[in-house]
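Novice: Protein chains in written order, with our numbering: chain A, 1 to 116; chain B, 1 to 112.
Check each hint, because a few of them may be wrong.
Unchecked claim - For each label pair, taking beta carbons as the anchor points, the in silico distance ranges come out as:
| hint | chain 1 | residue 1 | chain 2 | residue 2 | range |
| --- | --- | --- | --- | --- | --- |
| 1 | A | A2 | B | S40 | 20 to 28 Å |
| 2 | B | M54 | A | S15 | 29 to 37 Å |
| 3 | A | Q60 | B | K42 | 24 to 32 Å |
| 4 | B | K42 | A | N70 | 20 to 28 Å |
| 5 | A | G53 | B | Q14 | 25 to 33 Å |
| 6 | B | K42 | A | L68 | 20 to 28 Å |
What the hints assert, rightly or not - Here are the computed lysine to aspartate or glutamate pairs in the EDC-like style, where the Cα-Cα straight-line distance is at most 16 Å:
| hint | chain 1 | residue 1 | chain 2 | residue 2 |
| --- | --- | --- | --- | --- |
| 7 | A | K42 | B | D31 |
| 8 | A | K41 | B | E39 |
| 9 | B | K56 | B | E39 |
FYI, nobody ran anything at the bench for these hints, they're computed from the structure.
For glycine and all other residues, C-beta sits at the position ideal for the given N, C-alpha and C.
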Amino acid sequence: GAVVSQHPSRVICKSGTSVKIECRSLDFQATTMFWYRQFPKKSLMLMATSNEGSKATYEQGVEKDKFLINHASLTLSTLTVTSAHPEDSSFYICSAGLGGENTEAFFGQGTRLTVV
Amino acid sequence: GESVGLHLPTLSVQEGDNSIINCAYSNSASDYFIWYKQESGKGPQFIIDIRSNMDKRQGQRVTVLLNKTVKHLSLQIAATQPGDSAVYFCAENANAGNMLTFGGGTRLMVKP
Chain A
1 GAVVSQHPSR
11 VICKSGTSVK
21 IECRSLDFQA
31 TTMFWYRQFP
41 KKSLMLMATS
51 NEGSKATYEQ
61 GVEKDKFLIN
71 HASLTLSTLT
81 VTSAHPEDSS
91 FYICSAGLGG
101 ENTEAFFGQG
111 TRLTVV
Chain B
1 GESVGLHLPT
11 LSVQEGDNSI
21 INCAYSNSAS
31 DYFIWYKQES
41 GKGPQFIIDI
51 RSNMDKRQGQ
61 RVTVLLNKTV
71 KHLSLQIAAT
81 QPGDSAVYFC
91 AENANAGNML
101 TFGGGTRLMV
111 KP
């Protein structure tokens, strides 16, 4: 199957700083990628849809100025958590698919963000 | 709003027994369903999927059943092994590309 790589896998940052998380499709091109957030013992919640070459589409309640998404190429989407607060600590996961009639989604390994 | 949910948050089974994890969905427009396995600290791992024009699909040791009448999805794992211990999520796709809506998750614990 297709491979999606996410980096870093773990990051600890101080409050007020910004953190960038990368999501790469290694062996396929993805015009659309998805960013999810997962709190401990909870399910994945879609944050936003990342669209190559255009603005991301954010889900209701997700601050676009806080969670900056850039999808500058067909193999890379980045999520930047700006001015991080402890409540932003979470597990962030991206996914991508082959698109078209293939609806299977492939997930990255996830990024554990801890804001101290 | 429409959502996908699960009946049981935790399921404990004996090694070698069969496991059944259930999921209820409410979006009648969903036409593609997937079961994912997630181990601690890792991203979701695809297990098996099924389209709405089917009611059963089998994989290696796993079977997914879809009952569209009552909007119910289940995952059956045969001869459950310790390596099957994880959290299992059902997810649905309602003609939105590769975007998924996830259920609440069920933790499967396999006792040796």
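Novice: Hint by hint, say whether it matches the structure.
Specialist: Now the hints, each set against the structure:
Between A/A2 and B/S40 the beta carbons are some 24 Å apart, a value that agrees with the proposed interval 20 to 28 Å. The hint said 29 to 37 Å for the Cβ distance between B/M54 and A/S15, and at roughly 49 Å that hint is violated. Against the hinted window of 24 to 32 Å, the Cβ-Cβ separation of A/Q60 and B/K42 comes to about 28 Å, which satisfies the hint. The given range of 20 to 28 Å is respected by B/K42 and A/N70, whose C-beta atoms sit roughly 25 Å from each other.
A hinted range of 25 to 33 Å for the beta carbons of A/G53 and B/Q14 is inconsistent with their spacing of about 52 Å. With their beta carbons about 25 Å apart, B/K42 and A/L68 fall inside the hinted range of 20 to 28 Å. A distance of roughly 24 Å separates the Cα atoms of A/K42 and B/D31; the hinted pair therefore is violated under the 16 Å criterion. Our distance criterion of 16 Å between C-alpha atoms is met by A/K41 and B/E39, whose separation comes to about 11 Å.
Taken as a hint, the B/K56 and B/E39 pair is broken in the structure, with Cα atoms around 25 Å apart against an allowance of 16 Å.
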